[in-house]
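Residue numbers (this note's numbering), protein chains in the order written: chain A, 75 to 245; chain P, 75 to 245.
Among the hints, a few may not be true.
Unchecked claim - Among the chain P residues that face chain A by a calculated CB cut under 8 Å, a handful are: (1) T118; (2) V120; (3) H143; (4) G147; (5) I194; (6) E219.
Stated by the list, open to error - Which bits of chain P does chain A cover? Going by a derived footprint, with three or more residues having C-beta under 8 Å, they are: (7) 170-177; (8) 196-208; (9) 228-239.
Simulated from the structure, these hints should not be mistaken for lab results. All C-beta atoms in this analysis are idealised placements derived from N, C-alpha and C, irrespective of residue type, glycine included.
Protein chains: 2
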Amino acid sequence: MLEHEWRKKATVTRAPSSDAPENTVNAWKFPGGLSNPGEDIGDTAVREVFEETGIKSEFKSILSVRQQHRHPGAFGKSDMYIICRLEPSSFTISFCQQECLRCEWMDLDELARTKHATPITSNVAKLLRYGYREGFDKIDITMREFPAVYAGLFYKLYHRELPESYRNITG
Amino acid sequence: MLEHEWRKKATVTRAPSSDAPENTVNAWKFPGGLSNPGEDIGDTAVREVFEETGIKSEFKSILSVRQQHRHPGAFGKSDMYIICRLEPSSFTISFCQQECLRCEWMDLDELARTKHATPITSNVAKLLRYGYREGFDKIDITMREFPAVYAGLFYKLYHRELPESYRNITG
Numbered sequence: 075m076l077e078h079e080w081r082k083k084a085t086v087t088r089a090p091s092s093d094a095p096e097n098t099v100n101a102w103k104f105p106g107g108l109s110n111p112g113e114d115i116g117d118t119a120v121r122e123v124f125e126e127t128g129i130k131s132e133f134k135s136i137l138s139v140r141q142q143h144r145h146p147g148a149f150g151k152s153d154m155y156i157i158c159r160l161e162p163s164s165f166t167i168s169f170c171q172q173e174c175l176r177c178e179w180m181d182l183d184e185l186a187r188t189k190h191a192t193p194i195t196s197n198v199a200k201l202l203r204y205g206y207r208e209g210f211d212k213i214d215i216t217m218r219e220f221p222a223v224y225a226g227l228f229y230k231l232y233h234r235e236l237p238e239s240y241r242n243i244t245g
Numbered sequence: 075m076l077e078h079e080w081r082k083k084a085t086v087t088r089a090p091s092s093d094a095p096e097n098t099v100n101a102w103k104f105p106g107g108l109s110n111p112g113e114d115i116g117d118t119a120v121r122e123v124f125e126e127t128g129i130k131s132e133f134k135s136i137l138s139v140r141q142q143h144r145h146p147g148a149f150g151k152s153d154m155y156i157i158c159r160l161e162p163s164s165f166t167i168s169f170c171q172q173e174c175l176r177c178e179w180m181d182l183d184e185l186a187r188t189k190h191a192t193p194i195t196s197n198v199a200k201l202l203r204y205g206y207r208e209g210f211d212k213i214d215i216t217m218r219e220f221p222a223v224y225a226g227l228f229y230k231l232y233h234r235e236l237p238e239s240y241r242n243i244t245g
């Protein structure tokens, strides 16, 4: 059931009143937004998806990282945009009308094919389509948590799943 | 030859005069450092490896991303630490004596096994060992460049390699 639903993906379009450039208005894109200070990557994704679409979900993996410099609206800093794979636990859309014109579950093939999507959205749709057909382990960058050297703190490390046989080295 | 050399990895230890916490002093770690403003991830890695070790190299992939909050020395901000796989084109070490006590090419098995390494170093050594034995395509997060919607700008997108058959969708 969840796997079936993963052929679809909540997407939003920018409202024309936003300050986005012309060719990203009315383009399909994934929900998302800025991290709060001190917020984990996955928590930002889950929060923003809920705020924009009303869909509840759980963080599964990082799919892609974009680094962009001189990006408008990034406060004069270089910008890291991180795309996560989430598993939905609710399916009824109730979307933010300030931020979105439309919000729909969409077939991945259609999203990968349409010209009415930002290039990064098309690209990630193709990546998801690959994962959906051949296994998400092909595309997932998964998370492990480690204690930091600073007492009481933890950090999250994202990398390709390491098979059990490589986690412990003997002899 | 290069693959053989990839069983080894330039590593450095922190000088005891640095302000690192006690248990990271004298621990083996990979060379690295802070990005300059506007600098690409791979360019930072190549530059820092050269500055700390004298080794020339080329960026191949991202291996791992760490997100840490309240990290000392991160200017009160959350910290993203990105570990890259580089291919060396020179092999003679000439290391920075201000930053390192020792700098050596080290066998990956030994680096994965020693207790004298930071946890993240041990973990990435295990990941590299997996990639070295079963193919770097198992662990690599590779880069593609795209034109941004803003005229004349480009961005870099990092994700798992997408097979050719999934890049173009027909019908």
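Against the structure, the hints:
no. : hint    : result
1   : T118    : violated (10 Å)
2   : V120    : violated (15 Å)
3   : H143    : holds (5 Å)
4   : G147    : violated (10 Å)
5   : I194    : holds (7 Å)
6   : E219    : violated (10 Å)
7   : 170-177 : violated (count 0)
8   : 196-208 : holds (count 6)
9   : 228-239 : holds (count 8)
Consistency note: the structure conflicts with the earlier hints numbered 1, 2, 4, 6 and 7.
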